[in-house]
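Number of protein chains: 2
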Amino acid sequence: MINSELNQYAALYQTELLDNVIPFWTEYSVDKIFGGYFTCLTREGNVFDTDKFVWLQGRQVWMFAMLYNNVEKKKTWLDIALNGADFLKKYGRDEEGNWYFSLTREGIPLIQAYNIFSDCFAAMAFGELYKATGSEEFKQIAVSTYYQILERQEHPKGIYDKSVPGTRPLINFALPMILCNLSLSLEDVLGSQTTAKIVPELISNIMTNFYQEDTGLILENVSREGKFVDSFEGRLISPGHVNESMWFLMDLAVRYNDQSLIEQAEKTLLRNTEFGWDKKYGGIFYFLDYKGYPPQQLEWDQKLWWVHLETMIAMAKCYKLTGNQSCSNWFEELHQYSWKHFKDPEYNEWFGYLDRRGDPLLTLKGGKWKGSFHVPRAMYEIWKTLSSPSPLQKDSATLSNSRNKL
Amino acid sequence: MINSELNQYAALYQTELLDNVIPFWTEYSVDKIFGGYFTCLTREGNVFDTDKFVWLQGRQVWMFAMLYNNVEKKKTWLDIALNGADFLKKYGRDEEGNWYFSLTREGIPLIQAYNIFSDCFAAMAFGELYKATGSEEFKQIAVSTYYQILERQEHPKGIYDKSVPGTRPLINFALPMILCNLSLSLEDVLGSQTTAKIVPELISNIMTNFYQEDTGLILENVSREGKFVDSFEGRLISPGHVNESMWFLMDLAVRYNDQSLIEQAEKTLLRNTEFGWDKKYGGIFYFLDYKGYPPQQLEWDQKLWWVHLETMIAMAKCYKLTGNQSCSNWFEELHQYSWKHFKDPEYNEWFGYLDRRGDPLLTLKGGKWKGSFHVPRAMYEIWKTLSSPSPLQKDSATLSNSRNKL
Numbered sequence: 002m003i004n005s006e007l008n009q010y011a012a013l014y015q016t017e018l019l020d021n022v023i024p025f026w027t028e029y030s031v032d033k034i035f036g037g038y039f040t041c042l043t044r045e046g047n048v049f050d051t052d053k054f055v056w057l058q059g060r061q062v063w064m065f066a067m068l069y070n071n072v073e074k075k076k077t078w079l080d081i082a083l084n085g086a087d088f089l090k091k092y093g094r095d096e097e098g099n100w101y102f103s104l105t106r107e108g109i110p111l112i113q114a115y116n117i118f119s120d121c122f123a124a125m126a127f128g129e130l131y132k133a134t135g136s137e138e139f140k141q142i143a144v145s146t147y148y149q150i151l152e153r154q155e156h157p158k159g160i161y162d163k164s165v166p167g168t169r170p171l172i173n174f175a176l177p178m179i180l181c182n183l184s185l186s187l188e189d190v191l192g193s194q195t196t197a198k199i200v201p202e203l204i205s206n207i208m209t210n211f212y213q214e215d216t217g218l219i220l221e222n223v224s225r226e227g228k229f230v231d232s233f234e235g236r237l238i239s240p241g242h243v244n245e246s247m248w249f250l251m252d253l254a255v256r257y258n259d260q261s262l263i264e265q266a267e268k269t270l271l272r273n274t275e276f277g278w279d280k281k282y283g284g285i286f287y288f289l290d291y292k293g294y295p296p297q298q299l300e301w302d303q304k305l306w307w308v309h310l311e312t313m314i315a316m317a318k319c320y321k322l323t324g325n326q327s328c329s330n331w332f333e334e335l336h337q338y339s340w341k342h343f344k345d346p347e348y349n350e351w352f353g354y355l356d357r358r359g360d361p362l363l364t365l366k367g368g369k370w371k372g373s374f375h376v377p378r379a380m381y382e383i384w385k386t387l388s389s390p391s392p393l394q395k396d397s398a399t400l401s402n403s404r405n406k407l
Numbered sequence: 002m003i004n005s006e007l008n009q010y011a012a013l014y015q016t017e018l019l020d021n022v023i024p025f026w027t028e029y030s031v032d033k034i035f036g037g038y039f040t041c042l043t044r045e046g047n048v049f050d051t052d053k054f055v056w057l058q059g060r061q062v063w064m065f066a067m068l069y070n071n072v073e074k075k076k077t078w079l080d081i082a083l084n085g086a087d088f089l090k091k092y093g094r095d096e097e098g099n100w101y102f103s104l105t106r107e108g109i110p111l112i113q114a115y116n117i118f119s120d121c122f123a124a125m126a127f128g129e130l131y132k133a134t135g136s137e138e139f140k141q142i143a144v145s146t147y148y149q150i151l152e153r154q155e156h157p158k159g160i161y162d163k164s165v166p167g168t169r170p171l172i173n174f175a176l177p178m179i180l181c182n183l184s185l186s187l188e189d190v191l192g193s194q195t196t197a198k199i200v201p202e203l204i205s206n207i208m209t210n211f212y213q214e215d216t217g218l219i220l221e222n223v224s225r226e227g228k229f230v231d232s233f234e235g236r237l238i239s240p241g242h243v244n245e246s247m248w249f250l251m252d253l254a255v256r257y258n259d260q261s262l263i264e265q266a267e268k269t270l271l272r273n274t275e276f277g278w279d280k281k282y283g284g285i286f287y288f289l290d291y292k293g294y295p296p297q298q299l300e301w302d303q304k305l306w307w308v309h310l311e312t313m314i315a316m317a318k319c320y321k322l323t324g325n326q327s328c329s330n331w332f333e334e335l336h337q338y339s340w341k342h343f344k345d346p347e348y349n350e351w352f353g354y355l356d357r358r359g360d361p362l363l364t365l366k367g368g369k370w371k372g373s374f375h376v377p378r379a380m381y382e383i384w385k386t387l388s389s390p391s392p393l394q395k396d397s398a399t400l401s402n403s404r405n406k407l
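Listed in order, the protein sequences are those of chains A and B.
For the record, in the first sequence the residue sitting at position 28 is 29 according to our numbering, with numbers rising by one throughout.
For the record, in the second sequence the residue sitting at position 12 is 13 according to our numbering, with numbers rising by one throughout.
Because the hints were derived from the structure by calculation, they are not lab data.
Every value quoted in this text rests on a predicted model; they were computed, and no experiment measured them.
Careful: at least some of the hints might be erroneous.
Copies of the same chain look alike in the list, so a pair counts if it fits in one copy or across any two.
[Stated by the list, open to error] Calculated lysine to aspartate or glutamate pairs in the EDC-like style (CA-CA distance at most 16 Å, straight line):
#, residue 1, residue 2
1, Lys76, Glu155
2, Lys76, Glu275
3, Lys369, Asp290
4, Lys292, Asp87
5, Lys74, Glu152
6, Lys132, Glu226
7, Lys140, Asp95
8, Lys228, Glu6
9, Lys90, Asp290
10, Lys369, Glu234
11, Lys369, Asp231
12, Lys163, Asp95
13, Lys75, Asp189
14, Lys369, Asp87
15, Lys198, Glu234
16, Lys74, Asp215
17, Lys198, Asp279
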């Protein structure tokens with residue numbers, strides 16, 4: 002891509018974020034009576050279910066606080082973030098301070114705190130809102146939640162874990178992956194010395210245990226020794242997760258000046274995207290089996306918005322860091338695919354769930370798992386990445402193989 | 002359908018059962034080293050995963066014992082049933098006598114006894130095998146498991162239930178539905194007085210609580226008072242479950258001579274099939290939302306083998322009981338659809354999972370949820386139903402509205 006193309010893309014994503022996507026959530030998602038957000042929204046923006054899912058409540062707080070911090074000090078945005086934070090603060094936690102999975106519209110707990118990602122997105126939310134407000138209370142919620150996540154990380158599901166201890170212990174990719182992003186995002190709150198201690202272990206976990214040297218792929222579940230385990234869970238690959246984590250790693254590589262990590266992320270991103278791409282109908286599969294067997298997930302062949310958007314962020318960042326033309330080509334291919342299939346030509350916001358052929362499987366704009374997060378975050382990240390005046394890697398000479406120094 | 006057509010269909014399903022489907026499981030599923038069955042089998046019959054899922058182990062024991070009891074006293078069939086029963090007896094239960102969800106190939110427990118349907122299919126298996134062998138041990142396992150199910154039925158997931166008590170208590174359709182079939186199947190073992198006490202409550206639960214008078218549909222989850230609850234779970238309809246339960250109810254109606262129940266089942270079966278039918282591509286949807294909103298299940302639009310086969314059984318039985326031409330028409334439409342899309346033209350056994358358009362989504366013949374059960378049971382039930390010399394309702398004059406007398 003030449004500079005004028007980069008600028009055009011940047012402007013397009015900026016406009017899509019500010020004139021299309023954010024207005025959708027501003028207009029339709031705020032619950033002005035009970036606080037928090039509606040996320041189950043039809044194509045047009047009508048509320049079809051009022052339950053409140055803590056993942057999505059936290060993510061939307063983070064989103065609006067982040068826009069307030071990084072784009073413009075709009076009071077509306079801060080108010081929307083505070084509306085969600087207030088609801089979460091009042092109703093979101095059980096007696097032990099763990100975050101519920103879901104609440105009724107009024108805030109009565111529905112589903113117990115079995116899902117540690119509720120805690121991850123709550124910590125992310127309150128950390129970002131602390132930056133916006135300076136509120137010590139928000140900082141304290143972010144910090145205590147973060148440390149509770151670290152304490153729970155060996156047994157994230159706690160008493161709700163249905164596997165028999167010892168028979169086939171597996172570790173899952175999602176938590177270390179999210180912690181890479183969360184730890185960097187909370188660096189101001191936790192202190193840079195703390196994150197500098199935690200982050201290298203997370204990176205090493207991903208690139209040593211989950212990364213498979215012989216195939217260049219990353220598995221969703223491995224043994225505690227980082228070995229492939231031939232079972233449904235062990236064979237599972239989630240190309241979207243892998244690519245999302247690769248831009249988290251690239252952000253960390255830039256932060257810690259680690260050229261070697263950039264190269265690993267670049268290689269893994271390209272290998273995994275090639276592996277996950279549907280050669281017949283285009284788009285990236287949701288799930289694949291490492292050995293090519295039938296996955297247990299019936300939704301395996303569907304095309305999900307976040308998978309494609311996270312890959313685009315990763316390709317954009319990778320291109321700016323390495324200049325690798327393959328990243329630019331992939332970015333453009335994914336851009337074409339996504340604007341053709343995920344963008345709704347009639348109403349604001351994007352479709353989330355397509356069938357294998359790229360037709361909408363559900364026309365909702367938000368649901369139990371899709372909220373104000375992946376679409377606007379991707380618009381923001383792509384806009385900022387492609388419009389940065391020079392590559393993020395400002396002085397490539399200073400980026401050395403410094404991973405071991407982390 | 003005229004008599005010669007009925008006979009032709011009956012012969013076709015008999016042949017498919019005995020020459021195609023059963024040979025597949027006989028040849029590929031038996032684990033001669035560790036006992037039990039492999040169920041994860043590719044299109045050609047190769048084992049791609051060796052885990053043993055208790056639902057499917059129990060169902061296969063039942064299937065082969067049932068064939069031995071009702072079709073022919075083949076030693077191979079009894080041996081296959083005993084091979085699974087022996088494995089289950091040794092490894093299938095935890096210390097409290099509840100049945101695990103899954104085991105390793107060798108029988109080491111993998112997933113805890115959180116799923117009461119493991120117990121249902123184990124009880125069904127040992128009950129049927131008792132009929133084949135007269136073994137008091139098998140009878141005792143069936144009886145004790147059955148009573149443990151009844152004890153657990155208010156809280157079937159036990160400690161693994163993630164919902165917060167009291168906020169939105171829902172009861173689920175699957176257990177009373179399965180218990181209708183299981184109770185009748187265990188009548189010899191439990192004693193007819195016992196089942197005659199239990200069954201009317203099950204029927205009333207289904208046709209009063211889950212059945213919605215105003216729409217004629219059956220919901221998958223309702224409040225404890227049998228009311229619609231506007232939430233993802235409350236709006237869920239599973240047309241396959243409904244139709245499967247309708248033939249369970251028709252079997253009970255015949256057993257207890259209840260004309261009124263036949264009429265209710267007939268009406269519900271036709272209404273629900275009409276509701277579940279995909280007018281665009283044919284076939285019956287896997288899940289639908291009662292209010293037409295997006296379901297949370299991403300697999301909602303897929304066409305599953307058991308949904309279609311269970312509906313065919315129900316239509317065949319209903320036609321023989323009522324002579325309703327709509328049932329005959331639906332049977333023929335489903336027959337055409339199923340033989341065109343689910344039957345594998347090259348290898349034995351049938352495909353299980355099709356996309357909305359009717360193309361195979363997974364080409365497996367068996368997996369974590371598909372075993373030696375719905376295909377052979379449907380072949381058997383359709384064969385027997387359509388070849389019965391006169392309608393099952395042998396003397397319609399004796400079938401009166403005797404439900405209250407049950």
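Checked hints:
1. Lys76 - Glu155: neither (40 Å within a copy, 50 Å between copies)
2. Lys76 - Glu275: For Lys76 and Glu275, neither the intra-copy (43 Å) nor the inter-copy (52 Å) Cα distance is at most 16 Å.
3. Lys369 - Asp290: Cα proximity of Lys369 and Asp290: across copies only (14 Å, versus 25 Å in one copy).
4. Lys292 - Asp87: neither (47 Å within a copy, 32 Å between copies)
5. Lys74 - Glu152: Result: close neither inside a copy nor across copies, 35 Å intra and 59 Å inter.
6. Lys132 - Glu226: Neither way: Lys132 and Glu226 sit 38 Å apart in one copy and 48 Å across, limit 16 Å.
7. Lys140 - Asp95: neither (19 Å within a copy, 46 Å between copies)
8. Lys228 - Glu6: Classified as neither; 43 Å inside a copy, 58 Å across copies.
9. Lys90 - Asp290: neither (40 Å within a copy, 32 Å between copies)
10. Lys369 - Glu234: The answer is between: 12 Å across copies meets 16 Å, while 23 Å in one copy does not.
11. Lys369 - Asp231: Between copies only: 15 Å across chains, 31 Å inside a chain, cut-off 16 Å.
12. Lys163 - Asp95: between (21 Å within a copy, 13 Å between copies)
13. Lys75 - Asp189: Result: close neither inside a copy nor across copies, 22 Å intra and 74 Å inter.
14. Lys369 - Asp87: For Lys369 and Asp87, neither the intra-copy (20 Å) nor the inter-copy (43 Å) Cα distance is at most 16 Å.
15. Lys198 - Glu234: neither (30 Å within a copy, 43 Å between copies)
16. Lys74 - Asp215: neither (49 Å within a copy, 52 Å between copies)
17. Lys198 - Asp279: neither (39 Å within a copy, 56 Å between copies)
The structure does not agree with the numbered hints 1, 2, 4, 5, 6, 7, 8, 9, 13, 14, 15, 16 and 17 stated previously, though it agrees with the rest.
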